[in-house]
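*Asks:* Sequence:
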Amino acid sequence: MSNPARILVSTKDAPVPLPVLSQGLVVGDVVYTSGQLGIDPTTGKIVEGTIQDRTRQILRNLNAVLEAGGSSLHDAIKVNIFLTDMADFSAVNEVYATFFSDPKPVRTCIAVKSLPLGSDVEIECSGLVTKPGNGRSSRL
953 MSNPARILVS TKDAPVPLPV LSQGLVVGDV VYTSGQLGID PTTGKIVEGT
1003 IQDRTRQILR NLNAVLEAGG SSLHDAIKVN IFLTDMADFS AVNEVYATFF
1053 SDPKPVRTCI AVKSLPLGSD VEIECSGLVT KPGNGRSSRL
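At the far end of the sequence shown sits residue 1092, using our numbering, and the numbering has no gaps.
By construction, these hints were calculated from the structure, which means they are not laboratory data.
All C-beta atoms in this analysis are idealised placements derived from N, C-alpha and C, irrespective of residue type, glycine included.
Hints may be right or wrong, so weigh each one.
Computed spacing ranges between beta-carbons, pair by pair [said to hold, decoys possible]:
1. D981 x F1052: 36 to 42 Å
2. G980 x S1066: 30 to 36 Å
3. E1046 x R958: 20 to 26 Å
4. P956 x A1039: 24 to 30 Å
5. P993 x L1067: 26 to 32 Å
6. P1084 x G1001: 34 to 40 Å
7. E1046 x A957: 37 to 43 Å
8. G1001 x S1066: 17 to 23 Å
9. G980 x K1065: 29 to 35 Å
10. P1068 x R958: 31 to 37 Å
No farther apart than 20 Å at their CA atoms in a straight line, the calculated lysine-lysine pairs in the PhoX-like style are these [stated by the list, open to error]:
11. K997 x K1030
12. K1030 x K1056
13. K964 x K997
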């Protein structure tokens, strides 16, 4: 059995990833994203303000990576949310609901002790490829 090609997804519309990870990979008909923090891709800094502000930025970042791979949040099939405080669950859901249409993707939300850069929320997702990608990509 041969392994499907892994195609690197990269876009300037999402934060530059650390050298130990990729923004996303397309494998078969699915775009897999790395976890995103609420980092503004133009400044490279975490968005100040509320957890809702950071969640909004995260979902914009994720959509940019998904679109670069030929998907979008509309085509998302699985979302994982990591929170440092489950008391923020409702606040994150408030923003989350404005980004996803029905049927909503399947989802898991996990409480964690800490996140990179002192963030209070991190989100990753996977989406179905439904169109040609618009980002830089290369076969791995």
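*Asks:* Name the hints, by number, that the structure is in violation of.
*Replies:* 1, 3, 4, 5, 10 and 11
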